[in-house]
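> Top to bottom, those sequences are chains E and P. Throughout, this note's numbering is defined as the position within the first sequence, counted from one, plus 61. Throughout, this note's numbering is defined as the position within the second sequence, counted from one, plus 7.
Incorrect hints may appear among the rest.
Facing chain P, a subset of chain E residues (Cβ under 10 Å, in silico) [as the list claims (entries may be wrong)]:
#1 Ile213
#2 Leu216
#3 Asn217
#4 Ser248
If you're looking for bench data, these hints aren't it; they were derived computationally from the structure. Just so it is clear, the structure is predicted and the values come from calculations on it, not from any experiment. Ideal Cβ placement from N, Cα and C applies to all residues, glycine included.
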Amino acid sequence: MGTIVTIDLYGDPSVANELDPALQLAVESLHDADDVFSTWKPESPLSQLRRGEIELATAPPEVREVLEACGAARELSRGWFDPWSLAGGVDPTGYVKGWAAQRALHLLLGAPVFGAVVNAAGDIATFGFPAENSSFQVGITNPSDRQELTAIVSLNGCIATSGTYERGPHLFDPHSGEFASRLASASVTGPDLGLADALATALAVAGTDFLTVIEEVTEFEAFAVTDDGERQWTSGFPLLALATVRDQGPRPPTRG
Amino acid sequence: MKRSKYVFVGTALGVAGVLSFHTAPASLTFASSPTNGTPTGGGSAPTTTSGSPTGSPTTAPVTPSTTIPSGSRTATGPSVNYNFGVLSVTVKATGKKVTSVTIGTLNDGGNYRSQSIDSMAIPILEREAMAAQSANIQSVSGASYTSAGFAQSLQSALQQLGI
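Bound conformation, chain E alone (with noise of 0.2 Å):
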């Protein structure tokens, strides 16, 4: 995945001296994931599969796994979202990196603490909470600037977020066959980060009107920022506060 991963646990320091099993294989599980789903990697079982030299009854099941839900993600997004879309075979990247950081979360469940956040370059899974009485807050790059944040929102669970502010164009819109990002920041909170995952690439690519897809999805909810520094978010967005920007007010909440 190329990427770096960082482990928050929030715990009684009594307890320092015990957590590195469930560390370890949550860190062992990001490597295994990257072993197995990197397009980078000749070797690796995904590569394999996307030569054509394995079959997918043949390759591990986590590869399977993960194209099922990508199936799933395809089909909730309404195509948006559709890692078979691009030239050069099945590419799950846009669901594996979630997938692998919400894995690595599971067995943090494990280590005697009250909250862990992994944060995956950017798409966070999150349990517990972070201290009596209070909930993770958790920031939104703003994506013209990313000193700054342009929203904070109070997370139980997990967000994702999508945008081309770092990258450069690298979005593929499977509708129209071209790289494409119609939204500067789109995020996505949920119950599962690789979900959430796809889900902020399908809204990124396809823009604000997917908003009214996702009010639809059960637990799913969305935070878009456009081009022009326009935000607009579904309407149970656990949205916290909103950072004022200088050159315009924020804009009323979408509604489904």
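Start from chain E and add chain P according to the hints.
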């Protein structure tokens, strides 16, 4: 009840062999993190430090006292190929606190795309710094792209510093 935040930084990258992770939970707090000792002790209210009556100063909680020197240190990872040339990553730390992550050397052969190099991975760490500096947020979500080369050099620099 005293609460602590343990931060573990690793890189999951596409280069085999560099991936020996530290099993000890390394504490990574940035220089200007909140000074109440337990960054999360007060939840969303930074003034509520009642949860940490022991008043242990600034740094974090876990610091397994090994041979980590307490002074300011710098390490630079190896020069590695990235998409547009060759780079190395420099990490500065005080004790086990990372204070900055910068590009140490960069040879891009004049490729204009390299101007966006710092828009690759450094922002991720900046975001972590931002989260650490704020008593109100624990993490930051954003789009990102990290080259494997950056992550590789960073990992090596962190290892040199014992972080």
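> Each hint: holds or not?
Consistency of the hints with the structure:
no., hint, result
1, Ile213, "6 Å, holds"
2, Leu216, "8 Å, holds"
3, Asn217, "13 Å, violated"
4, Ser248, "6 Å, holds"
The structure is inconsistent with hint 3 alone, although it conforms to all the rest.
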